[in-house]
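J.: Since the structure of chain A is provided, determine the placement of chain X with the ligand on it from the hints.
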Amino acid sequence: MELTLWTYEGPPHVGAMRIATSMEGVHYVLHAPQGDTYADLLFTMIERRGKRPPVTYTTFQARDLGGDTAELVQRSIREAVARFRPEALLVGESCTAELIQDQPGALAAGMNLGVPMVSLELPAYSKKENWGAAETFYQLVRTLLKDQMPPPGTPKPSPSRWRAEGRRPRVNLLGPSLLGFRCRDDVIEITRLLGEHGIDVAVVAPLGARPADLIRLPSADANVCLYPEVAGPACSWLERSFGLPVVRTVPIGIGATADFLRELHAVLDLELPAELQATDGRPSEAERRSRLPWYSRSVDSTYLTGKRVFIFADATHAIAAARIASRELGFQVVGLGSYSREQAREVRAAAAELGLEALITDDYLAVEKAMGEAAAELVLGTQMERHSAKRLGLPCAVISSPLHVQDVPARYAPQMGWEGANVIFDSWVHPLMMGLEEHLIGMFRHDFEFVDGHRSHLGDGAPSMAPAVDQPPPGDAAAPGLEREATTATAVAIQAPPTVAGEPSWMPDGEAELAKIPFFVRGKVRKNTEAFARERGLASIDAETLYDAKAHFSR
Amino acid sequence: MSVSPAPLPPPELLKESGQREVFCGLTSIVWLHRRMPDAFFLVVGSRTCAHLVQSAAGVMIFAEPRFGTAILGERDLAGLADANEELDRLVKDLLERRPEIRTLFLVGSCPSEVIKLDLAKAAERLSAQLLGRVRVLNYSGSGIETTFTQGEDNALLAMMPLMANSDEEQLLIVGTLADAVEDRFRLIFERMGIPTVRCLPPRRSTELPPVGKGTRVLLAQPFLSATARALQHRGATLLQAPYPFGVEGSRDWMAAAAGAFGVPDARIAEVLDPLVERGRRALEPHRQVLVGKRLFLLPDSQMEIPLARFLARECGMELVEVGTPYLDRLLMAADLALLPAGTQLSEGQDVDRQLERVRAERPDLVLCGLGLANPLEAEGIATKWSIELVFSPIHGCDQAGDLAELFARPLRRRALLQLS
Ligand code: SF4
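Heads up: the protein sequence lines correspond to chains A and X, in order.
Take 538 as the starting number for the first sequence in the numbering used here and just add one per residue.
Take 1032 as the starting number for the second sequence in the numbering used here and just add one per residue.
Chain A with its partners taken away, still in its complex shape (with noise of 0.2 Å):
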């Protein structure tokens, strides 16, 4: 048992129906009860979709369970055939219903439904919603390519049988979904840089496809794991059983963009074009595709240099975001982490390279905790960390899922590629440009024309010393799954803490200089500043304490 105050990951069947919602003629009949059936809004009101998630919930009652729930799964299963007409079929269980043991899967199977049908088992009080989207896909993927299995010892197909077969050569792309960070945009954005190096796209799935698509996985000459949370064990099977290479790069920024694109042409054996060649350390020809280089380059961003970057995602945005961080930005990555626990090992080895030990963890009061300990300047996460950073009063971009409504855009913003590098570039950038203005506006608070605690666009969640408030006001009704922004001012790391017994005390000088500091780095000044004279112990500090601790600590 666990104690859960909010989780990154809902339960593994919400994976199984972002497969089915992604798709189009594949149905899902989910043996669950009626509160089960709040997973709709998710899609509804977070991707804002225009219909339904295909999905039949048996909502089985108690009054039901002394009677005959199997009867009622296969009713539910005969009605979504005969209602939806789908042309796949997934049966499972939620939580619940895998304690009662109706198994859905195999009623399924004995009702000549005449339609491919797969049976999920995804088991509810072990795994979560990524592992469930992941198992679904390959077993779906699994079920209906089953019969095409080339006999043990078949010699795997050249991935450069294109040349064979006088065409492009075609790969597919694999992975994108529904509550993912930004596939939709970053399906177009990697169709088109394929479309660029003479590479067609076979299929996209499980984004768009349809059952019949994914019949016609094994006619492309590759796979690519764009998304290896959802698509890494059905890219592993199509490689065991169809000798399909998997292209495993995540082209996410400008170094790994490139390394993905060396990748292909490896492994569909073309010609690496000029501009992707090696340059011993000087750019690219082809990073010149995206502004994020120059921009970085520029005068404009020596500022950018050593920003302390907290990182928390899922794995492959957090591995990708600490490389883009610390070598296409030059920020410091002060901590990195992931809730991806079947990922964890990729996310430890990216921290050792940047000297850090990853967190690996669900609970977010852990990851905000960190965040705080860290003394971090940006933080780059999921909504959840959002709203940590904004309690914090640290600027935020969100890279990852879970996601707020708000993280689904109308216009185009994709991850991944050069354009992708230029999103990337401004939403991280931005926060921290508008830092600047506001430590501007602190160094000119005396001028006339700014009124300190006028800071604009962090708005009400800048620092602040207004107590901590958790509540709405009343009447701000929040909206399930897009809850507003609390308008109440929110406890901050810089507000100063209670004294304590033993601990140092701030002299009104002390407290009058500190407040000179800039706000983004009063908090870490603040810290330091009481652990140097705690360890010299000081019962109090004053102006000077603080700037013998400032040049304690400088390097």
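Source of the hints: derived by calculation from the structure; they are not laboratory data.
It is possible that some hints are incorrect.
[Stated by the list, open to error] Partial pick of chain A residues on the chain X-facing surface, computed with a CB cut under 10 Å: (1) L542; (2) D577; (3) D601; (4) G604; (5) D605; (6) V618; (7) E666.
Note that the Cβ used here is the ideal one computed from N, Cα and C, for glycine as well.
T.: Showing chain X with the ligand alone in chain A's frame:
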């Protein structure tokens, strides 16, 4: 002046038992925890339960919410002994971290009920261990037993054994109200000369009202079937009145209470008439938008019947179908009596069939849950989310305008948008 249950109009009642598209009772934690800031709601359930509550609540604005889920793991399923031990440990940790908590609700879920984890016993055991420092109660919010708003009914029922017996004369308002709305009602009842007014749930979980022969119960919410009956068992009188939605409903509701305390009609009129007049004025601009428009109410919060009554009688809307998750004729008597004759009622749900009826009827506005709103909008049918109604202050004459505005807004918006 109780309104005696009038003979039912001959509404057609359609009973359905297919797929429901309704939240479970866990959802009511979202407003109950706001009402009682010294209480913590601990769901004993699965990751699904945790995900439901956070999706319904938009929890993310809270630093540390006063609700959480003890997620059952495989080990807990394997042995109930372990599960009980684990629960005790987890509760101890939680209460150490949150010393301000005075009442802990253990909220049962489908999984905890199916594995027969005895939360009543757990509550007793924990209460004893905590030596009265924190009271531990339990109730079911499971989807196999409760829909959406029924969670509040069960929560109130769970508090009832802690309510003292007293035959003191009092008016007991039952059902969560926004604090500001409650203050208004208290003031109005005071003006009419009702000496003692108390509320269930109270603002502080430890300040429970007593109950007994002198108690007259005025239900503020239409979904408290079990609580109402249990209060009657304790000697209380249940006042019959329409629910306080809209000017008319609010007036009748307050007047029913005043009448029960022997307040003369003249005094009632003196206090309420100005409110009615002002309420009508506030309502008027929205009534103009709503009048003659056809409304379809899908079953969700159990507030559908009283809302339909308000929207038909005071806003001039035409009722196409009024769905309700379940029909409690005792609690709905006064509102049913005021529905236009021949109103099509439906109880339970078969969501696909019901949506077919919606499409066939093409109403001007549909009241529905969040899972259905955008899909209907995409089909060109205007919607109003029902969940907002349980979070917004909508009770009383002074809120009647706001309540009507919630329904008028989607129609106004459609009239404003000129996109093609
Ligand atoms: S319906 Fe049951 S399992 Fe689902 S969220 Fe509600 S209590 Fe939990």
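J.: Hint by hint, which ones does the structure fall short of?
T.: 4, 5 and 6
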